[in-house]
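Chemist: Chains as they are written, first to last, in my numbering: chain A, 1 to 113; chain B, 114 to 220.
Rather than coming from a laboratory, the hints here were simulated on the basis of the structure. Be careful, since some hints might not be right.
[Stated by the list, open to error] Derived pair list, reagent style DSSO-like, types lysine-lysine, alpha-carbon separation capped at 30 angstroms:
hint, chain 1, residue 1, chain 2, residue 2
1, A, LYS51, B, LYS158
2, A, LYS27, A, LYS71
3, A, LYS51, A, LYS71
4, B, LYS192, A, LYS62
5, B, LYS212, A, LYS71
[Stated by the list, open to error] Simulated restraints on C-beta separations:
hint, chain 1, residue 1, chain 2, residue 2, range
6, B, GLY129, A, SER30, 25 to 33 angstroms
7, B, ASP152, A, THR97, 23 to 31 angstroms
8, A, ARG22, B, ASP152, 17 to 25 angstroms
Glycine is no exception: its CB is placed at the ideal position from the N, C-alpha and C atoms.
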Amino acid sequence: NAGVMQNPRHLVRRRGQEARLRCSPMKGHSHVYWYRQLPEEGLKFMVYLQKENIIDESGMPKERFSAEFPKEGPSILRIQQVVRGDSAAYFCASSETGGYGYTFGSGTRLTVV
Amino acid sequence: RKEVEQDPGPFNVPEGATVAFNCTYSNSASQSFFWYRQDCRKEPKLLMSVYSSGNEDGRFTAQLNRASQYISLLIRDSKLSDSATYLCVSRDDKIIFGKGTRLHILP
Chain A
1 NAGVMQNPRH LVRRRGQEAR LRCSPMKGHS HVYWYRQLPE EGLKFMVYLQ KENIIDESGM
61 PKERFSAEFP KEGPSILRIQ QVVRGDSAAY FCASSETGGY GYTFGSGTRL TVV
Chain B
114 RKEVEQDPGP FNVPEGATVA FNCTYSNSAS QSFFWYRQDC RKEPKLLMSV YSSGNEDGRF
174 TAQLNRASQY ISLLIRDSKL SDSATYLCVS RDDKIIFGKG TRLHILP
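Let the sequences and hints guide you as you build the complete structure.
Modeler: Encoded structure:
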């Protein structure tokens, strides 16, 4: 039973490009959460999704960021027109029931140059 | 007021010593609490859940004080491998992480 899979592990983008981060939850988990961790900072909640639904996006920046969790396939966090301040580690977590049994993926480290 | 507050440390503790850190939370409606451990450049991993009655797992003891809205983690007989950042977590309608307390165990 594979854990939460995130890819790519490392992503380098030039300013203005788009970044797509993928997260495949653990088998049987239908709740997905995205967090961002800036250097020397804590984890900041971004968005909570279930299949085909965004449950809570209160932590998402109003512009350039979007997330989806389609019926088939991984959850995608999309950042358009990236800026240097978007450089961070992005972690995805999944759970079977909302809020319990969080398991994190290894994260995607985004570097914007 | 921040939702979950922790002393960032670092706590520099000799091997074999006992170390304790606390965390305070602001939302009295928070339902569940956890301690996570995060190693440098790794993902957070669940260390233990926290209950009002206390929760002990080997050398680790976690305690919740709802009246004062704080959570504690005690590590006995500390090992070099305990060096990490410890994240305090509360849950109401979403999970909120503290910024973490850095612990360095010194040989």
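Chemist: Against each hint, give a clear statement of whether it holds in the structure.
Modeler: Structure-based check of each hint:
In summary, the hint linking LYS51(A) to LYS158(B) is supported, as the alpha carbons are separated by about 24 angstroms, within the 30 angstroms threshold. This hinted pair checks out: LYS27(A) and LYS71(A) have alpha carbons roughly 14 angstroms apart, not beyond 30 angstroms. Taking the CA atoms of LYS51(A) and LYS71(A), the gap is about 6 angstroms. The hint holds against a cut of 30 angstroms. Among the hinted pairs, LYS192(B) with LYS62(A) is inconsistent with the structure: their alpha-carbon atoms are about 44 angstroms apart, more than 30 angstroms.
Note on LYS212(B) and LYS71(A): the hinted pairing is violated, with a Cα-Cα distance of about 33 angstroms set against a maximum of 30 angstroms. Range check, GLY129(B) to SER30(A): Cβ separation about 44 angstroms, and the 25 to 33 angstroms hint is violated. Checked against the hint of 23 to 31 angstroms, the pair ASP152(B) and THR97(A) passes, with Cβ atoms roughly 27 angstroms apart. The hinted window of 17 to 25 angstroms between ARG22(A) and ASP152(B) holds, with their beta carbons roughly 23 angstroms apart.
Hint check: violations occur at hints 4, 5 and 6; the rest are consistent with the structure.
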